[in-house]
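K.L.:
In order, the protein sequence lines correspond to chains A and B. Heads up, the first sequence is in the working numbering, so the first residue is 17 and it goes up one at a time. Heads up, the second sequence is in the working numbering, so the first residue is 17 and it goes up one at a time.
Treat the hints as calculated values from the structure; they're not laboratory data. Quick reminder that beta carbons are idealized off the backbone N, C-alpha and C, glycines included. You may find that some hints are simply not true.
[Unchecked claim] Here are the simulated distance ranges between beta carbons:
| # | chain 1 | residue 1 | chain 2 | residue 2 | range |
| --- | --- | --- | --- | --- | --- |
| 1 | B | Gln391 | A | Ala107 | 43 to 49 Å |
| 2 | A | Ala34 | B | Ala113 | 30 to 36 Å |
| 3 | B | Glu374 | A | Ala113 | 58 to 64 Å |
| 4 | A | Cys112 | B | Glu194 | 39 to 45 Å |
[Said to hold, decoys possible] Residues from chain B that face chain A, not an exhaustive set, calculated with beta carbons under 10 Å:
| # | residue |
| --- | --- |
| 5 | Val69 |
| 6 | Glu172 |
| 7 | Gly173 |
| 8 | Pro235 |
Letter by letter, the chains look like this.
Number of protein chains: 2
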Amino acid sequence: MASSETALSFSRLGREIASPVIVDLMARALANSDLLSLAAGFTDNVALPRGLVGRFAAELTQGGLDDEPLQYGQNQGRSRLRELSCQYLAAQPGECAEAFDPAAMFISNGSQQALYLAVQALCDPGDIVLVEEPSYFVCLEMLRGLGLRPIGIPCEGDGAIQADGLAELLRELDSAGERSKVKAIYLVSYFCNPSSRSLSLGEKRAIARVLLDVGYEIPVIEDAAYRELYFDAPHPAPSILSMPEFAPFPKLYLGTYTKPFATGLKIGYGCCTHSEWLEKILCIKGHQDFGSAHFSQAIIERVLDAGLFQDHLAFIQKHYAEKAFVLDHALREGGLREVGWKWHQPAGGLIFWLRAPEGSDLRMESVFCKGCIEQGVLYVPGELCSASGGLWHCARLSSGALPPNKLREAAGRFVAQAGVLAQSSGSSGS
Amino acid sequence: MASSETALSFSRLGREIASPVIVDLMARALANSDLLSLAAGFTDNVALPRGLVGRFAAELTQGGLDDEPLQYGQNQGRSRLRELSCQYLAAQPGECAEAFDPAAMFISNGSQQALYLAVQALCDPGDIVLVEEPSYFVCLEMLRGLGLRPIGIPCEGDGAIQADGLAELLRELDSAGERSKVKAIYLVSYFCNPSSRSLSLGEKRAIARVLLDVGYEIPVIEDAAYRELYFDAPHPAPSILSMPEFAPFPKLYLGTYTKPFATGLKIGYGCCTHSEWLEKILCIKGHQDFGSAHFSQAIIERVLDAGLFQDHLAFIQKHYAEKAFVLDHALREGGLREVGWKWHQPAGGLIFWLRAPEGSDLRMESVFCKGCIEQGVLYVPGELCSASGGLWHCARLSSGALPPNKLREAAGRFVAQAGVLAQSSGSSGS
Numbered sequence: 017m018a019s020s021e022t023a024l025s026f027s028r029l030g031r032e033i034a035s036p037v038i039v040d041l042m043a044r045a046l047a048n049s050d051l052l053s054l055a056a057g058f059t060d061n062v063a064l065p066r067g068l069v070g071r072f073a074a075e076l077t078q079g080g081l082d083d084e085p086l087q088y089g090q091n092q093g094r095s096r097l098r099e100l101s102c103q104y105l106a107a108q109p110g111e112c113a114e115a116f117d118p119a120a121m122f123i124s125n126g127s128q129q130a131l132y133l134a135v136q137a138l139c140d141p142g143d144i145v146l147v148e149e150p151s152y153f154v155c156l157e158m159l160r161g162l163g164l165r166p167i168g169i170p171c172e173g174d175g176a177i178q179a180d181g182l183a184e185l186l187r188e189l190d191s192a193g194e195r196s197k198v199k200a201i202y203l204v205s206y207f208c209n210p211s212s213r214s215l216s217l218g219e220k221r222a223i224a225r226v227l228l229d230v231g232y233e234i235p236v237i238e239d240a241a242y243r244e245l246y247f248d249a250p251h252p253a254p255s256i257l258s259m260p261e262f263a264p265f266p267k268l269y270l271g272t273y274t275k276p277f278a279t280g281l282k283i284g285y286g287c288c289t290h291s292e293w294l295e296k297i298l299c300i301k302g303h304q305d306f307g308s309a310h311f312s313q314a315i316i317e318r319v320l321d322a323g324l325f326q327d328h329l330a331f332i333q334k335h336y337a338e339k340a341f342v343l344d345h346a347l348r349e350g351g352l353r354e355v356g357w358k359w360h361q362p363a364g365g366l367i368f369w370l371r372a373p374e375g376s377d378l379r380m381e382s383v384f385c386k387g388c389i390e391q392g393v394l395y396v397p398g399e400l401c402s403a404s405g406g407l408w409h410c411a412r413l414s415s416g417a418l419p420p421n422k423l424r425e426a427a428g429r430f431v432a433q434a435g436v437l438a439q440s441s442g443s444s445g446s
Numbered sequence: 017m018a019s020s021e022t023a024l025s026f027s028r029l030g031r032e033i034a035s036p037v038i039v040d041l042m043a044r045a046l047a048n049s050d051l052l053s054l055a056a057g058f059t060d061n062v063a064l065p066r067g068l069v070g071r072f073a074a075e076l077t078q079g080g081l082d083d084e085p086l087q088y089g090q091n092q093g094r095s096r097l098r099e100l101s102c103q104y105l106a107a108q109p110g111e112c113a114e115a116f117d118p119a120a121m122f123i124s125n126g127s128q129q130a131l132y133l134a135v136q137a138l139c140d141p142g143d144i145v146l147v148e149e150p151s152y153f154v155c156l157e158m159l160r161g162l163g164l165r166p167i168g169i170p171c172e173g174d175g176a177i178q179a180d181g182l183a184e185l186l187r188e189l190d191s192a193g194e195r196s197k198v199k200a201i202y203l204v205s206y207f208c209n210p211s212s213r214s215l216s217l218g219e220k221r222a223i224a225r226v227l228l229d230v231g232y233e234i235p236v237i238e239d240a241a242y243r244e245l246y247f248d249a250p251h252p253a254p255s256i257l258s259m260p261e262f263a264p265f266p267k268l269y270l271g272t273y274t275k276p277f278a279t280g281l282k283i284g285y286g287c288c289t290h291s292e293w294l295e296k297i298l299c300i301k302g303h304q305d306f307g308s309a310h311f312s313q314a315i316i317e318r319v320l321d322a323g324l325f326q327d328h329l330a331f332i333q334k335h336y337a338e339k340a341f342v343l344d345h346a347l348r349e350g351g352l353r354e355v356g357w358k359w360h361q362p363a364g365g366l367i368f369w370l371r372a373p374e375g376s377d378l379r380m381e382s383v384f385c386k387g388c389i390e391q392g393v394l395y396v397p398g399e400l401c402s403a404s405g406g407l408w409h410c411a412r413l414s415s416g417a418l419p420p421n422k423l424r425e426a427a428g429r430f431v432a433q434a435g436v437l438a439q440s441s442g443s444s445g446s
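Just need the whole structure built from these sequences, with the hints factored in.
P.N.:
Written out as structure tokens, the structure reads:
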């Protein structure tokens, strides 16, 4: 069909867009069960809330309700769901009761759509968004797809932001006449995908201080998609919405019920403190779909209203802690530390961020990556998580989807390739 | 908050976007039950498939499935749902078996998102999309929101396209040097929202012939959102995908499971015959949400697979036929024809398109519209459905949402205002 079809002239967006790697990773993981995927950030099928969804779907389809969940809902999302979500968030460590306002919240198709809408409202092609190095690769791809320039903030090897580096970067952008192009800073602050780090209160304060010092009162987008997935205890730092240091900034907090509840219901949210920005976001959503799946929203609302979200969280927190332990243990047992690889054991989330010895090449086209695919294990090359195209020696692994025995097997295959890499580096260096 | 908040510089999109009227209409209809809304194109709560959704939601949450509906799905949508949808479509009157290809289909958040993605891939600000006069007002708003210029094709009063007028318009655009800006033609071809007309085979052939004659091999977007909601018999014309006259054109067929099944599941689809266009659409969807609610998709797939979609359609077709009869009867009985108003009795869909005597003003700010709101009845002013800002004397009414007694009451209030309008026109003319 493609060979004989009419040539079409596409929009700038259409011409410049490339197929998202996430789509390819999801397709591969879903298509081939021999291939063990440590790449896709899926949740674990056995940790999905079948019972809760089944129970409340049944209740919701009995009829006789004040509002009908199989009917259209509001563009902004169900008001009771927004109320309950704000109550839940306000009860998190360090949060102010009034920081999360149901009127400032909107429900979206996963937090991804919330991010997309927020960026559409702010950025034109050529504009800049500051991101951590590494940052969430789906966000980087999305920004590039819209013709934007993600610029990485100088970070330590483990992903910790260098406050001085940020200040220097901002001054450089100033000198280069780019200040007006810098439209937002995007922070993945809880069990970061991919660094697995969380931003401490001190780090967040430092970021606010630097931005103010250098005069960048730009929108701050905090992506907290993994916040609920802590293992032992919630991360103690409050969100930017509760921090007085961020009072001068337009703020957007992104959260979701995909990872901590059911990815298949596809419900996320944003909470935007800037009324005009929120208004633009809602206008764009009105054009894109005028409301997210109302039935999915109603199911989650019922779960929250019945006080059962916390119980489910307690279950999956333990579950994902065990899986992270299995992956960490398998990587250690296999001897990955011994060949010079480093990583933090995550305290939450689904993601491991591995750093091979400097100079290693783990990119998509590398011998290492091809070796992994041949041996039947997939990972996300660190390069994809880098705004600057660096981080060639890093890899993102997910402990979320595979069952423990397959996690061990996948880790074994991965470590074996790391051994081959170490030998070839050693022999080429000798 | 707004008064003291940091001034933000928005994107071109953010600056130019206006709040969609659909959002306002939905909010009003949901908020105030004294106000009888003939405006919002809601489906009828009592016609929603509670039993089917409850039954299959229960089945799907039993576990032990090959794929897990509470997990993420594919960006393009469930393959079995696409297969079954294509089989259903291929069985419609006049369709070719191979016209609907599951590989060319993608699942979206209602057909609205499919349209948005398709337009994002094709159009830059300033570009032109040709539309019927009247056309679907949510599409017009969306196009304008993206900085595009919808241009109305010359049509008869009832909405029938004038083939000669189309040819003349295309030549004028040529002369004005605008040919390269014309990126698509958008047709609402089955029980059109708002004209309630369907395009005959002859009309469709004429459109294809004119486009080819004047050398506009532009993408053709056919919006068939109401196709399934026929009253007595399906509309006999096949879609553009099956018509040899449209073979040279890139084509997109839009359909949905919102109107004919459950608006609250928010599942629609597009079927795109142009592989490169489809690829761009999927890339953008990958960035926007990387897949629509998987659980909603799985429910609809089960309904189709069990052969129960047809039964549900048979029920709602009869239901909506009765409601259209009630509204039509109430408008006639009230004497609306006698004061010079015209309309076709719809043969399907949820919409009536009323034309007051030429020169009447039914716009949002008109005395008539304010009178209707005061009397507690809402409609969509025809002006909103006009690309050129004309059609002041027209009104879109929906028979979908209100129960029969309220439909009668709403019609009574509306006709009473038409009487007032007729008197004031008569007295001002005397």
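K.L.:
Given a hint of 43 to 49 Å, does the C-beta separation of Gln391 of chain B and Ala107 of chain A actually sit inside it?
P.N.:
holds, 47 Å
K.L.:
Taking 10 Å as the limit, does the beta-carbon of Glu172 of chain B come near enough to a beta-carbon in chain A?
P.N.:
violated, 29 Å
K.L.:
Is the hint on Gly173 of chain B kept, meaning its closest Cβ partner in chain A is under 10 Å away?
P.N.:
Where the cut-off is 10 Å and the nearest Cβ of chain A is about 29 Å from Gly173 of chain B, the hint is violated.
K.L.:
Is 39 to 45 Å respected by the C-beta to C-beta distance linking Cys112 of chain A and Glu194 of chain B?
P.N.:
violated, 54 Å
K.L.:
With respect to the beta-carbon atoms only, verify the hint that Ala34 of chain A and Ala113 of chain B lie 30 to 36 Å apart.
P.N.:
holds, 34 Å
K.L.:
Check the following: the C-beta atoms of Glu374 of chain B and Ala113 of chain A are separated by a distance inside 58 to 64 Å.
P.N.:
holds, 59 Å
K.L.:
With a cut-off of 10 Å on the beta carbons, see whether Val69 of chain B makes it to chain A.
P.N.:
holds, 5 Å
K.L.:
Given a cut of 10 Å on the nearest C-beta pair, is the interface hint for Pro235 of chain B held or broken against chain A?
P.N.:
holds, 7 Å
Comparing the model with each numbered hint stated earlier shows that hints 4, 6 and 7 do not hold.
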